[in-house]
Amino acid sequence: MFNEAMACDSRLVSKLVSKWLVEKQRQAFVGLKSLVDVGGGTGGLTLTIAEAFPWIKCTVFDLPHVVADAPEGTLVNFEGGNMFEYIPPSDAVIFKLIMHDWSDEECVKILKQCKKAIPTKEEGGKVMILDMVVNSKIHDHKATETQFFFDMLMMVLTGGREREEREWEKMFIEAGFHGGYKATHGSGVLSLIEVYP
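Using the UniProt record's numbering, you'd call the opening residue of the sequence shown number 1 and step up by one each time.
These are computed hints drawn from the structure, not numbers from a lab.
Result set (DSS-like, lysine-lysine): computed pairs, CA atoms no more than 25 Å apart in a straight line:
no.: 1; residue 1: K109; residue 2: K121
no.: 2; residue 1: K170; residue 2: K115
no.: 3; residue 1: K33; residue 2: K19
no.: 4; residue 1: K19; residue 2: K182
no.: 5; residue 1: K57; residue 2: K182
no.: 6; residue 1: K33; residue 2: K112
no.: 7; residue 1: K112; residue 2: K170
no.: 8; residue 1: K57; residue 2: K33
None of these values were measured; they are calculated from a predicted model.
Let's have the full structure, built from the sequences with the hints guiding it.
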């Protein structure tokens, strides 16, 4: 039941985010030959990426019981495992609304696994994070309300939280990412953060 709920949520969010991501953030995919969607469930976002960028080999990496129910015969490969222990090698690793589920310490562990999985910045390696970046400069009352609502929800349900940009940066540095990052605010309350090793 949980997997079905997450898949339904993913389809809704994927439709809203996909257009922005594949049309307005195309440059984020330039030069990539492979991409792993960690926590990608049944592959909603990943399939959209694979269709928009057919030269990229796309893989969803999620818990074994989640990928056991994955659809067959798509442009996406599925692999089961634990992101705290291993992430399959690729040019880029993408997370959609995953990091906000976890504490800072757990995010640093996940990011360290990402760093092992991707090539250097010079070779095009990066981590792509689609998540909320709490921004005190946003003048959209509804967006700010939504971010704070999700912050409370994550703290109560998962022990995670929403983060300000400086908090994201601190985690990146702790995980050994010294190549910088680029945060693009845009799709409603979500941002795309590209992090370089």
